[in-house]
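> Residue numbers (the numbering used here), protein chains in the order written: chain Y, 4 to 234; chain X, 375 to 809; chain B, 19 to 218.
The set of hints was computed from the structure by calculation and includes no laboratory data. Please note that a few of the clues may not be correct.
Unchecked claim - Only some residues are given here: those of chain B computed to face chain X with a beta carbon under 8 Å:
#1 Ile-43
#2 Arg-60
#3 Leu-157
Said to hold, decoys possible - Some chain X residues near chain B, calculated using beta-carbon distances under 7 Å:
#4 Asp-457
#5 Phe-734
#6 Ala-786
By construction, the Cβ of each residue, glycine as well, lies at the ideal position given by its N, Cα and C atoms.
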Amino acid sequence: MPTLLIAILTLGAVGLFLAMPGGRADTRRVGWVVLAAAGAVLLALLLRLVPGADPRGLFAGFALVAVFAALRVITHGKPVYSALYFILLIFAVTGLLVLLEATFLSMALVIIYAGAILVTYVFVIMLAQQSRPAPYDVKSREPVWGCLAGFLLLILLARQIELFLVPAQRTPLPAPIAEAPGTIEAVGVPLLTEYVVAIQIIGLLLLAALVGAIAIARRRPTTRAESEGDE
Amino acid sequence: MTDPTIKRIETVLRKPAVIFGAGAAILLLVTALLALAFPLYKPLLSSQFSFSMIVLAVMLVLILSATALCILFERKIAGFTQDRYGPNRVGFWGLLQPVADGLKFLLKEDIIPRHVDKPLFLLAPALALAASLLGFAIIPWAGQVRWPWMPPDAPPLSTQVANLNVGFLYLLAVGSLSVYGVVLAGYASNNKYAFYGGMRAAAQMISYELPLGLGLLVVLLVSGTLQLDQIVQQQAATGVWNIFLHPIAFFLVLVSALAEANRAPFDLPEAEQELVGGYHTEYSAMKFAMFFLGEYAHMITSSALIVALFFGGWHFWGLPGPENVTWWAMLIKLAVYLTKVALFIALFMLVRWTLPRFRFDQLMRVAWQSLVPIGVALLAATAALTYLGWQRNVWASLAANLLLLAVLLRSAARSKRPVTARQEDLPEIDVRPTT
Amino acid sequence: MRDDDIIVLKEPELTPAERLYLPQILDGLKTTLRHMFDLQRRHAVVHQYPEQTREDTGELRTANYHGVHRLNKDPDGRVACVACFMCSTACPAHCIHIEAGESPWPDREKYPVQFDIDELRCIYCGLCEEACPVDAIELTPLYELVSCTREELILDKEKLLQIYEETKGIKPRRNPPVTDYGLTGTQGLDVAEPNMKRKV
């Protein structure tokens with residue numbers, strides 16, 4: 004089982020490396036074929052192993068869309084398309100979260116990422132739009148190291164997944180809690196009781212970041228009278 | 375010069391008896407068909423899931439035709455405010471104008487300029503329309519209903535497509551998506567005017583999401599729930615609409631909703647006088663119509679949301695309340711809800727033909743320097759009231775609102791800052807060479 | 019200019035209500051609402067065009083309305099134009115096309131063999147009317163200019179003369195012969211009278 008997973012992941016990493024922008028067109032095509040093969044094997048594995056009958060197809064569908072969108076985010080040559088695939092990725096992940104009944108988290112994800120952060124991204128990308136694609140869009144800078152690092156990370160994650168997937172140890176999914184687990188109460192109450200210190204620290208950090216950003220960004224235009232006074 | 379048959383058709387269609395007769399005939403026909411097919415769909419009405427699907431289908435048809443009618447009413451109101459009649463040629467009182475408009479949009483040449491980014495160019499109008507329609511899923515149209523053939527102890531059905539426990543958080547989420555249609559249209563058109571329109575839309579949406587969120591948070595604090603049907607139930611049970619508790623929050627939400635729907639006075643993304651047509655400069659035929667429909671659908675969603683949050687949804691004093699779950703009560707509630715939504719749409723249109731458009735810096739200043747501070751102050755005040763347990767006390771809330779208004783008025787009166795900054799009011803900028 | 023000629027205007031101070039902006043919005047809404055329900059004014063202002071025209075209400079100023087062109091005829095029924103090209107030179111839209119030929123009549127040197135006006139290019143400024151030395155080209159009060167093709171709206175000499183026949187009832191030729199050419203045939207002296215006076 005672990006060998007199979009590692010084989011799939013290796014295949015994926017090689018495919019991704021080949022499909023990175025900057026290579027020749029036919030190489031990239033080969034990369035996509037390899038990626039599709041890896042994806043198909045992974046899908047078969049998921050469908051066979053993930054317990055539960057009903058949401059299995061949905062889960063596989065969302066997962067596949069998420070992986071595909073994530074791949075396109077880093078392999079697409081045009082930054083606007085990358086941002087759009089990021090949005091698609093977020094929607095796929097939202098679907099997964101809804102399957103897990105984490106509705107609050109899913110909506111928060113859409114509002115924060117799709118609604119705010121990516122609008123800002125698209126805004127910035129449009130502002131910085133050149134007449135021709137920038138060199139860093141056409142050619143990826145460190146494809147080898149990038150793919151390797153991602154691959155290693157996935158291997159580490161796979162060890163956890165593998166524990167979950169081994170049939171002997173496969174436990175049924177925890178039964179849904181009677182009180183829907185993802186409602187705003189279920190998320191909000193622990194945040195303000197159990198994790199209140201952490202929340203405060205995060206808030207402080209964000210505030211510091213905000214102040215820092217303003218301090219860096221703020222270059223007050225000096226009036227002519229002031230500058231004359233300086234001299 | 376004119377074809378006599380065409381002329382005859384025109385005059386016949388312009389008779390009120392013909393139009394209303396045809397309308398009544400269609401209505402009768404539909405009712406008869408529904409009555410005949412009743413045994414077919416009777417079991418479907420009894421389960422919540424299939425009933426929600428039926429509500430979805432009915433409301434979708436209703437809203438798509440309502441958007442078409444909205445265009446007629448927009449033009450009518452534009453005409454009335456300018457001492458004109460508005461469209462009155464196609465059919466009696468111009469009632470067939472939407473049909474003519476739709477036909478025209480369908481028959482126009484669908485131009486895709488050569489220099490555009492084609493996939494995004496095609497995607498943008500679809501996104502604009504779809505994102506606007508998504509919001510209808512959680513509007514509680516007519517409260518709850520129990521059909522006569524259902525056992526009296528069965529749980530009543532809710533006339534809502536989906537009763538999400540995240541409630542209007544979902545509306546915020548899909549509302550924030552509607553900007554993508556506009557931004558992508560601006561980007562894909564590869565045209566500087568469209569591009570400026572898209573940029574403005576992006577900046578405007580990000581800015582006005584904040585006051586909208588703050589206004590909604592105030593409602594959340596008052597009602598203690600995110601679910602729209604429960605918020606409406608609360609207002610109906612007490613008879614006190616949230617507008618009486620928090621007029622300022624209503625104002626915040628109203629202004630932000632106008633801005634989010636790209637309506638005047640916040641229609642900078644499509645400012646005709648500055649940007650030709652803004653983001654839809656390059657669009658024609660049905661794709662252009664989809665932007666139009668999306669805008670009006672967004673307007674209807676915003677109105678429905680505001681009505682549910684602040685105006686008691688389907689509730690009106692003296693009419694059947696939440697405890698009445700018969701089918702005729704449902705129809706009355708639906709009618710009340712739709713009337714309120716229609717009134718709000720009329721208000722939106724009236725505002726469009728009354729107010730001049732903001733300049734972009736004014737737009738930003740309104741959001742960041744006026745609405746957001748007001749929202750934060752109001753939120754703090756409501757939080758204090760909630761802590762004291764007075765969040766549904768009309769007098770306490772109104773007092774807090776009035777206090778806030780007084781503080782605002784005072785600070786506005788004392789401030790010597792020019793309301794609209796002009797070039798000569800700005801400090802001279804000394805650009806020194808960076809060495 | 020003296021210093022005390024300069025009037026310095028100061029912006030009026032805004033009242034607190036105006037600074038809050040909201041009362042002003044309500045004021046504006048009041049205005050639009052008032053107009054919205056003012057049926058009387060609406061009826062008074064709007065003309066329901068095809069059924070109710072300005073001719074009916076007597077508001078059309080036939081004497082100087084800038085509508086479709088016409089080519090006037092002189093009292094003998096000949097085209098009054100002398101093909102001097104003044105109008106096509108004056109035309110800012112270059113919509114008048116004239117081909118001159120030698121006049122068959124002794125009283126003038128040239129006459130238009132062809133005289134086309136592209137009504138689609140025309141901007142109805144009336145400069146041709148001003149430029150014409152013999153008042154041959156004039157703008158009529160006709161404004162219903164429609165056709166199924168573009169070609170139909172390039173009016174030729176025959177069409178323009180026909181328009182004269184149609185419109186001389188509502189707008190008679192302003193000032194018959196201004197030419198210095200001698201009188202011919204049936205033309206009576208009384209017609210030429212005004213010009214004789216003007217020459218003096």
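> None of the hints should be skipped; say for each whether it holds.
Okay, the hints, checked on the actual structure:
no.: 1; hint: Ile-43; verdict: 6 Å, holds
no.: 2; hint: Arg-60; verdict: 5 Å, holds
no.: 3; hint: Leu-157; verdict: 21 Å, violated
no.: 4; hint: Asp-457; verdict: 5 Å, holds
no.: 5; hint: Phe-734; verdict: 17 Å, violated
no.: 6; hint: Ala-786; verdict: 4 Å, holds
In the structure shown, a violation is registered for the earlier hints numbered 3 and 5, in ascending order.
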